[in-house]
Amino acid sequence: MPDTLLFYVLSGVAIVASALVIGQRNPMYSIMLLIVSFGALAGLYITLDAPFVAVAQIIVYAGAIMVLFLFVVMLLNAPQEDAAEWDRTHPLRRPGMARVGALLAGLLIIQLAWALMRVSALVEAPVAGRGDAAAISSVRALGRVLFTDYLFAFEATSILILVAMVGAVVLARREADR
Amino acid sequence: MDLRFAIQLGIIGLTFFMLVNASALLVLAERKIMGFMQQRYGPYLVGPHGVLQPLADILKLLFKEELRPKGADKWLFTLAPIISVTAAFAAFAAVPWGAETTLFGLLDTPVKLGASDINVGVLVVFAITSMGVYGIVLAGWSSNSKYSLLGGLRSSAQMISYELAYATTLASVVMLAGSLSLREVVDAQAGAWWGFIPRWYLFLQPAGFIIYVIAGVAETNRAPFDFPEAEQELVAGYNTEYSSVRFALFPQAEYINMATMSAVATDLYLGGWHGVPFLTALGLGWLVFLAKVGVLLFTYIWVRWTVPRYRYDQLMQFGWKWLFPASVINLIVTAALMLALHA
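Residue numbers (our numbering), protein chains in the order written: chain E, 1 to 178; chain V, 179 to 521.
Bear in mind the hints are in silico, worked out from the structure with no lab data behind them.
Fair warning: this is a prediction, and the values are worked out from it, not measured in the lab.
C-beta atoms are modelled at their ideal positions from N, C-alpha and C, and glycine is treated no differently.
Keep in mind that a hint or two might mislead.
Reference listing, derived: stretches of chain E covered by chain V, where coverage requires no fewer than 3 residues with Cβ under 8 Å from a Cβ of chain V [stated by the list, open to error]:
#1 27-39
#2 53-60
Here are the simulated distance ranges between beta carbons [what the hints assert, rightly or not]:
#3 E:ALA64 - V:ASP295: 22 to 30 Å
#4 V:LYS252 - E:ALA19: 19 to 27 Å
#5 E:ARG25 - V:PRO226: 54 to 62 Å
#6 E:ARG25 - V:ASP295: 56 to 64 Å
#7 V:TRP498 - E:LEU171: 37 to 45 Å
#8 V:SER294 - E:ALA115: 32 to 40 Å
#9 V:PRO486 - E:LEU76: 30 to 38 Å
#10 E:GLY23 - V:PRO226: 54 to 62 Å
#11 E:SER120 - V:ILE185: 37 to 45 Å
#12 V:LYS252 - E:VAL145: 18 to 26 Å
#13 V:ARG489 - E:ALA19: 19 to 27 Å
#14 V:GLY356 - E:ALA19: 37 to 45 Å
#15 E:PHE154 - V:TRP483: 43 to 51 Å
#16 V:PHE183 - E:GLY167: 52 to 60 Å
One side of the interface only, derived from the structure: several residues of chain V facing chain E at Cβ under 8 Å [what the hints assert, rightly or not]:
#17 LEU187
#18 ILE189
#19 ILE190
#20 LEU192
#21 VAL298
#22 VAL302
#23 PHE304
#24 ALA305
#25 MET309
Sequences and hints are given; from them, build the entire structure.
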């Protein structure tokens, strides 16, 4: 029972905070609310017996990535979006864009419904060899799976991040430096 | 409410109480040691030898007027010191400070000394201390003052840079102990080699310990890395516009972070509550722990009043070009030696 209650409280916080993120004019508030949302997600992971994933969520998203966001927002020092300017010139304001947006949202909802149905089917008929709760919470088991079964995906992701980093450096360099 | 639960609550309360008082004691220790090193008495008037000075300080700050600059962001300006101090307290929740004890036979099953026992404790401490940077950054930004903003910017850049080296050295110790739980790391250091050298990771990881301490000083924004509040350049840095209790929370968070850093260093490198067998046998290992933390805290203060501040570009250069590569080499060498010796 407390777990169910925690689930509703934490997911409520996550959803409300995420909704408020896109409702803010001040990017600083958006960042803080996004951190709240990440924190609530981490709480959900803990209730799912996955403390390592929860802590990784805090370190990587709420810690590293959001500090970077904060840094960028502070450097640009854009406390308020210029609403009028935004409304006039942004490409998303062109006619017909609303329809594209609605289509995408519809697709997303269908995808979500499909995923939920698939998951509930899986829960009803557990696949053999699927890890139990103890295996998920064990960092040792997680590391072993990551470096054996999913080694290719793991290494491919790290190369992707490296490429993105090199790309950012190249883009950030000015012409005069070359 | 059963006895066990009450005792666990008591331990949590005691941990909190110790931390609150640690910050007051550290304020006094800092001023006394600084005075000694500069051949002065330091605070001497309040109480015998000035020991009640922290009390006088906090009373003074409580009665000060709270000011908020006109252009400041109301919410974030209030929130920033709260985030700082909350993160500082919360990080200590995962730090064990004593062995399992039955409280001199009072209990049937032993309780663990420490606010909680989390099986990924090392990471929890790291995650929560890294959240503390938000307090400083938001304080700098929300004050709407150029000095504060510069302090906040410097703080975030500095903490991102030194967290890398810090986390990489943590990984070496975790590899050695084979566990992410601080309690298991400590217990892996029990006993002694050849009967007289304690099995502390300090001796297996001397480079790692030095990197940890340097990165720890930078993470807590202490001199010689106190750029977020470099007074010659930034007035008082990120907390320039703060006054009264809101101001008091920042130094308090800093002192608690120092205590956390020292306690984690004791757990990771100095064998925690192990090292003095007869005290451990008596169930007083936590005294050993406190003594080690005290030595580390003294070193912190000692360094602050001995080493002058670096230049900001030197800080970045040192962090990225020396400390981080050194920690990576330390990790690789540790892994290679472990493979070679175990295979």
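Hint by hint, here is what the structure shows:
1. 27-39: Coverage by chain V holds here, the residue count being 4 at a Cβ distance below 8 Å.
2. 53-60: holds (count 4)
3. E:ALA64 - V:ASP295: 22 to 30 Å: The hint (22 to 30 Å, Cβ to Cβ) holds, given that ALA64 (chain E) and ASP295 (chain V) are roughly 26 Å apart.
4. V:LYS252 - E:ALA19: 19 to 27 Å: With a Cβ separation near 22 Å, LYS252 (chain V) and ALA19 (chain E) satisfy 19 to 27 Å, so the hint holds.
5. E:ARG25 - V:PRO226: 54 to 62 Å: 57 Å, holds
6. E:ARG25 - V:ASP295: 56 to 64 Å: Given about 44 Å between the Cβ atoms, the range is violated.
7. V:TRP498 - E:LEU171: 37 to 45 Å: At roughly 20 Å between Cβ atoms, LEU171 (chain E) and TRP498 (chain V) fall outside 37 to 45 Å, so the hint is violated.
8. V:SER294 - E:ALA115: 32 to 40 Å: Holds, at about 34 Å.
9. V:PRO486 - E:LEU76: 30 to 38 Å: Since PRO486 (chain V) and LEU76 (chain E) have Cβ atoms about 34 Å apart, the given range 30 to 38 Å holds.
10. E:GLY23 - V:PRO226: 54 to 62 Å: Given a distance of about 58 Å, which is inside 54 to 62 Å, the answer is holds.
11. E:SER120 - V:ILE185: 37 to 45 Å: Because 43 Å falls inside the window, the suggested range holds.
12. V:LYS252 - E:VAL145: 18 to 26 Å: Violated, at about 48 Å.
13. V:ARG489 - E:ALA19: 19 to 27 Å: Given about 45 Å between the Cβ atoms, the range is violated.
14. V:GLY356 - E:ALA19: 37 to 45 Å: Holds, at about 43 Å.
15. E:PHE154 - V:TRP483: 43 to 51 Å: 47 Å, holds
16. V:PHE183 - E:GLY167: 52 to 60 Å: 54 Å, holds
17. LEU187: 17 Å, violated
18. ILE189: 20 Å, violated
19. ILE190: Hint violated; ILE190 (chain V) Cβ to chain E Cβ min 18 Å, cut 8 Å.
20. LEU192: It is violated, given that the least Cβ distance between LEU192 (chain V) and chain E is near 24 Å, above 8 Å.
21. VAL298: Holds - the Cβ of VAL298 (chain V) comes within 8 Å of chain E, reaching about 5 Å at its closest.
22. VAL302: At about 6 Å, which falls below the 8 Å cut-off, the nearest Cβ of chain E leaves the hint on VAL302 (chain V) intact, so it holds.
23. PHE304: 6 Å, holds
24. ALA305: It holds, given that the least Cβ distance between ALA305 (chain V) and chain E is near 4 Å, below 8 Å.
25. MET309: Because about 6 Å separates MET309 (chain V) from the closest Cβ in chain E, which is inside the 8 Å limit, the hint holds.
When the structure is compared with the earlier hints, violations turn up for hints 6, 7, 12, 13, 17, 18, 19, 20 and for no others.
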